[in-house]
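Mapped onto the working numbering, the consecutive letters of the sequence shown carry residue numbers 16 to 202.
One or more hints might be untrue.
Said to hold, decoys possible - Here are the simulated lysine-lysine pairs, DSBU-like style, with alpha carbons at most 30 Å apart:
no.	residue 1	residue 2
1	K59	K109
2	K109	K146
3	K59	K146
Said to hold, decoys possible - Restraint ranges, calculated between C-beta atoms of paired labels, are given here:
no.	residue 1	residue 2	range
4	I178	R155	16 to 24 Å
5	N118	P154	20 to 28 Å
6	N105	R155	16 to 24 Å
7	E143	D116	37 to 45 Å
8	G46	Y180	17 to 25 Å
9	F30	L65	29 to 37 Å
10	F30	N169	21 to 29 Å
11	E71	N105	36 to 44 Å
12	N183	T31	34 to 42 Å
13	S139	D91	14 to 22 Å
Read the hints as simulated data drawn from the structure, not as lab findings.
From the three backbone atoms N, C-alpha and C, an ideal C-beta is built for every residue, glycine too.
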Amino acid sequence: LLDDSRDDIILSEDFTDDGRLIFEHMESLIGDTEDYIDNIRLIKSLHYTLIECSNEDLIMEYLDILFMDTICMNVDRHTQNYGFLRDLENGRIKCMAPNFDNNLSLVSRGINENITHAPSRMISDFVEVIKVCDWYTIPRLDEEALREVVVLCNEDCGTDVPIEYIVNFVMNSYNAIINDADNELRF
16 LLDDSRDDII LSEDFTDDGR LIFEHMESLI GDTEDYIDNI RLIKSLHYTL IECSNEDLIM
76 EYLDILFMDT ICMNVDRHTQ NYGFLRDLEN GRIKCMAPNF DNNLSLVSRG INENITHAPS
136 RMISDFVEVI KVCDWYTIPR LDEEALREVV VLCNEDCGTD VPIEYIVNFV MNSYNAIIND
196 ADNELRF
C-alpha cells in the first residue's frame, strides 16, 4: 500500500490480525546472525513455544522465504526482516510472519543486461542449506505462470517493468539453483 501522505515509504498490510498477534523480529532471538543454518537450529529449538505449527512448518516457511529471496536476488534479508507471529494472550508462536521487505530485489538497482547471476553467493548459500535440509521440497516454477504474475503486478501497481526481463531474471536464478544442486532437488 502506498502512503498517500509520503512518497518515500510503502506501508504493508497489517498481518497482526488487528493486534491479536504480536510480531517478533528474528533479531530478538538470534541477534544479527544471518547464517541460514544458525537460524534453522534456533527455529528447531522453539518447540516449547509453539501453538498451531511445528518446527518443521516454521523451517519450511523460512526456507520458502529464502527461496524467494534467492530467485529474486533480494539482498536485504536480515534478522529484522522476518520473524514470528505470537499469540497476544499466551505469547506462544503461531506461525512465521508473512514475507515482507523485498524492496532490494529484482530491478531495484536498475536493469542489468547480464542476468545470469553466476556465480552468486546467494544461490550457493541456498543450495548448501537445502542439501542440509534434505526433506525440503523446492517449489516448481512455471515460466508462463510467472509471466502472468509479472503482468498482474504491472497492472496492479501501475508500473511498466519489462515483463520478459523479469521472467528471464527469475528463471535464470531458478535454473542456477537446480544446476548448482546437481539435480538433487526434490519437487
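Range hint compliance [Cβ, I178 to R155, 16 to 24 Å]:
Holds: the Cβ-Cβ distance is about 20 Å, inside 16 to 24 Å.
Could you check the hint for me, namely that S139 and D91 are 14 to 22 Å apart, CB to CB?
Given about 18 Å between the Cβ atoms, the range holds.
Is 20 to 28 Å a correct range for the gap between the Cβ atoms of N118 and P154?
22 Å, holds
Assessment of proposed distance window 34 to 42 Å (beta carbons of N183, T31)
Roughly 37 Å apart at Cβ, these two residues keep to the hinted range, so it holds.
Is the hinted pair K109 and K146 satisfied, with a Cα-Cα distance of at most 30 Å?
27 Å, holds
Between E143 and D116, does the C-beta distance stay in 37 to 45 Å?
Between E143 and D116, where Cβ atoms are some 23 Å apart, the hint is violated.
Please check whether F30 and N169 have a Cβ separation lying inside 21 to 29 Å.
24 Å, holds
Taking 17 to 25 Å as the stated bounds, is the beta-carbon spacing between G46 and Y180 within them?
With a Cβ separation near 37 Å, G46 and Y180 fall outside 17 to 25 Å, so the hint is violated.
Just to be sure I understand the hint, the distance between the Cβ atoms of F30 and L65 should be within 29 to 37 Å; is that true here?
Once the Cβ atoms are compared, 18 Å apart, the range 29 to 37 Å for L65 and F30 is violated.
If you draw a straight line from the CA of K59 to the CA of K146, is it 30 Å or shorter?
It holds: about 17 Å lies between the C-alpha atoms, which stays within 30 Å.
Distance restraint evaluation - E71, N105, Cβ atoms, bounds 36 to 44 Å:
Violated - the Cβ-Cβ distance for E71 and N105, about 21 Å, lies outside 36 to 44 Å.
Pairwise hint evaluation, K109 against K59, where the allowed Cα distance is 30 Å at most:
15 Å, holds
In the structure shown, a violation is registered for the earlier hints numbered 6, 7, 8, 9 and 11, in ascending order.
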